[in-house]
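Engineer: Each chain, letter by letter, is given below.
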Amino acid sequence: MRDRHGLAALFIMPAIFILVMSLALANSFSGQQEARLAYAVLDLDDTPVSRALDTLLGNTDLLDKSASPSSEADARLRVRAEEAAFVLVIPQGFARRIGTNQTPELRFLVDPAVPAIMRNGFRQYVDVAVTRVWLTHVLERLGQSMMLPELRRITEHIGSPEITIESVGSHDDAAVAVPSSVQQNVPAWLIFSMFFVVIPISAVFIGERQRGTLQRLRSQRVPFGLVLAGKFMPFVLVNQIQALVMVAIGRWLVPLCGGEALTLPGSAPAIAALMTLSLAVSIAAVGWALFIASLARSSEQATILGGVGNILMGAIGGIMVPRFVMPAAMQPWTRISPMDWALEGFHQVMLRQGGIADVLPAVCALVCFGLVALAAAVFFNHRAAST
Amino acid sequence: MIRVEDLRYRYRSEAPPALDGVSIDIKRSSIHGLLGPNGAGKTTLISLLAGLFTPQEGRITLDGASLGDWRAKRPSAIALVPQDYAFYPMLTVAENLSFFAGVQGVPQRERQRQCAEALAFAHLDAVANQRAEELSGGLRRRLNLAIGLTGKPEILLLDEPTVGVDPSSRRFLLEAVRQLAEAGNTVLYTSHYMEEVEAVCSEVSIIDHGKVLLAGPIEEVKRDRALEQVFMELTGYSLRD
Chain A
56 MRDRHGLAAL FIMPAIFILV MSLALANSFS GQQEARLAYA VLDLDDTPVS
106 RALDTLLGNT DLLDKSASPS SEADARLRVR AEEAAFVLVI PQGFARRIGT
156 NQTPELRFLV DPAVPAIMRN GFRQYVDVAV TRVWLTHVLE RLGQSMMLPE
206 LRRITEHIGS PEITIESVGS HDDAAVAVPS SVQQNVPAWL IFSMFFVVIP
256 ISAVFIGERQ RGTLQRLRSQ RVPFGLVLAG KFMPFVLVNQ IQALVMVAIG
306 RWLVPLCGGE ALTLPGSAPA IAALMTLSLA VSIAAVGWAL FIASLARSSE
356 QATILGGVGN ILMGAIGGIM VPRFVMPAAM QPWTRISPMD WALEGFHQVM
406 LRQGGIADVL PAVCALVCFG LVALAAAVFF NHRAAST
Chain B
739 MIRVEDLRYR YRSEAPPALD GVSIDIKRSS IHGLLGPNGA GKTTLISLLA
789 GLFTPQEGRI TLDGASLGDW RAKRPSAIAL VPQDYAFYPM LTVAENLSFF
839 AGVQGVPQRE RQRQCAEALA FAHLDAVANQ RAEELSGGLR RRLNLAIGLT
889 GKPEILLLDE PTVGVDPSSR RFLLEAVRQL AEAGNTVLYT SHYMEEVEAV
939 CSEVSIIDHG KVLLAGPIEE VKRDRALEQV FMELTGYSLR D
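Just so you know, the protein sequences line up as chains A and B, in that order. In terms of this note's numbering, the first sequence has 101 at position 46, counting the first letter as 1, and numbering is strictly consecutive. In terms of this note's numbering, the second sequence has 945 at position 207, counting the first letter as 1, and numbering is strictly consecutive.
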């Protein structure tokens with residue numbers, strides 16, 4: 056408890072991480088995109104059809120419409136000046152081509168800094184709007200020529216369907232928490248920081264080895280199991296306190312700083328599942344830390360091995376980049392990371408309201424990982440002691 | 739009597755032997771000096787006596803019993819005092835003493851008594867509640883020795899116990915070693931300081947390349963010469979090389 060630097064690494068760093076990441080990603084998860092992209096429409100056709108398309112595009116709260124440019128040159132200037140991410144150019148003859156059933160042509164002027172995913176999203180949005188304008192136009196003309204007023208009425212009702220989104224929990228009666236950034240970030244960065252127990256443990260362990268303290272203990276016939284238990288138990292406890300502090304930060308500090316509060320499951324089985332999972336993560340993290348400390352010959356080596364190992368586990372395990380964002384070929388690889396097992400377990404409880412049974416696979420995998428790492432630590436220490 | 743007979747040890751099968759047929763007799767309640775240049779095999783011999791390694795060939799007996807059997811009866815009877823500060827710098831002096839007594843299974847009340855005795859012996863009472871990392875080099879050496887006294891050992895293996903201390907702390911430590919022998923403890927003492935060995939040891943063994951070059955009472959070994967001269971003639975090294 057007197058290793059202030061070690062404690063700072065375990066508590067302050069992840070606390071800042073959780074706070075910053077929860078606030079920075081708040082809008083991405085809530086859907087309230089405050090930093091919306093701006094677009095403009097250069098209507099060179101200036102017909103009722105092109106104006107209808109312009110109006111239809113304005114019916115969204117995902118994009119900000121900026122004033123129409125006066126010319127294509129002006130449009131290009133606006134894109135270069137980052138005043139608009141997209142400018143849709145409706146060329147002359149757009150309405151005529153729709154009227155004669157020719158394929159209408161449109162052009163986008165796009166800021167190259169805009170991610171491809173947003174570019175494609177805007178393109179699809181325009182595609183749908185053009186289809187609606189075209190359909191309305193065709194039905195209107197059909198209704199006029201066939202003297203069918205109901206066709207005209209149909210065109211008045213062409214609109215977007217009302218879509219409701221339901222999050223599906225582990226059980227039918229589970230009240231599912233809305234996945235906010237804090238709900239996603241607290242478990243992810245908590246797991247990541249719990250594995251960083253490797254830094255203080257290896258500092259203590261390698262220090263003991265280098266100073267001859269381990270030799271002294273061995274000469275006093277202190278069983279190595281007791282030496283390991285002397286590290287294992289206190290650091291598991293520190294890890295558990297760390298988990299409590301991080302959850303408290305998500306619950307009370309993040310809202311004070313303007314973010315959303317972490318929603319914790321209310322039922323006793325869910326709380327029990329969370330506690331079991333947290334203990335399993337500690338066993339895995341401390342086992343891993345003792346393995347690294349036994350393998351490394353110096354604190355520097357342990358910091359590199361443990362640090363890089365953790366970053367790799369975090370990167371592969373969906374801590375830094377969510378699994379669903381990864382390329383399909385890479386997604387199965389997330390399963391090899393203990394951090395992925397832990398994250399999956401936390402999501403089962405915190406997002407899907409699961410219980411003990413739902414986190415059992417993750418708990419078993421993490422405990423097995425911790426015990427295997429511990430066995431490897433014993434092996435490496437035994438080997439080092441005899442040379 | 740601690741008897742080391744024809745002891746051989748290699749760290750790897752293809753490596754040259756660290757100990758190559760070492761035989762030494764160490765009388766009980768004496769201070770036996772172990773001299774040798776770096777890499778001579780001193781640390782390997784101390785490690786074998788401390789039970790850190792198992793002899794590959796040869797044997798170690800104490801009062802006629804094998805080291806293993808003897809230690810099984812008296813687990814705390816041999817104490818190793820390593821050359822480095824083998825304690826926890828973030829714990830206080832008293833906490834370190836209590837910890838090392840505790841891991842040897844010394845009961846709580848006895849532990850308190852032993853810690854108080856060790857503090858008094860090493861003159862560390864005034865800094866008992868100070869963190870070990872805040873102590874001077876001399877006080878750290880005293881703590882290193884005091885920890886070796888927890889568990890009431892009969893045999894002390896002191897590896898360079900005065901490295902890096904000022905003359906007054908060295909004097910204190912040498913006097914403490916003498917007192918330990920007078921109290922009945924057996925001390926195996928390695929040092930690079932010839933004058934220390936001459937001052938405190940009654941017997942000496944000079945080893946190099948894993949072999950004992952000369953052993954016996956210090957006056958017999960010296961034969962009216964300086965110990966350093968004997969050492970240099972035998973090993974070709976200055977002791978501090």
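Just so you know, the hints here were simulated from the structure itself, not pulled from any lab data. In this text the structure is predicted, and so the values were computed from the model without any measurement. Just so you know, even glycine gets a beta-carbon here, dropped at the ideal spot from N, CA and C. A portion of the hints provided could be inaccurate.
Claimed, not checked - Under 7 Å between C-beta atoms, here's a sample of chain B residues computed to sit facing chain A:
{"id": "1", "residue": "I762"}
{"id": "2", "residue": "A788"}
{"id": "3", "residue": "P813"}
{"id": "4", "residue": "L818"}
{"id": "5", "residue": "P820"}
{"id": "6", "residue": "Y823"}
{"id": "7", "residue": "G840"}
{"id": "8", "residue": "Q842"}
{"id": "9", "residue": "V844"}
{"id": "10", "residue": "E848"}
Engineer: Which hint numbers does the structure go against, in order from smallest to largest?
Structural biologist: 1, 7, 9, 10
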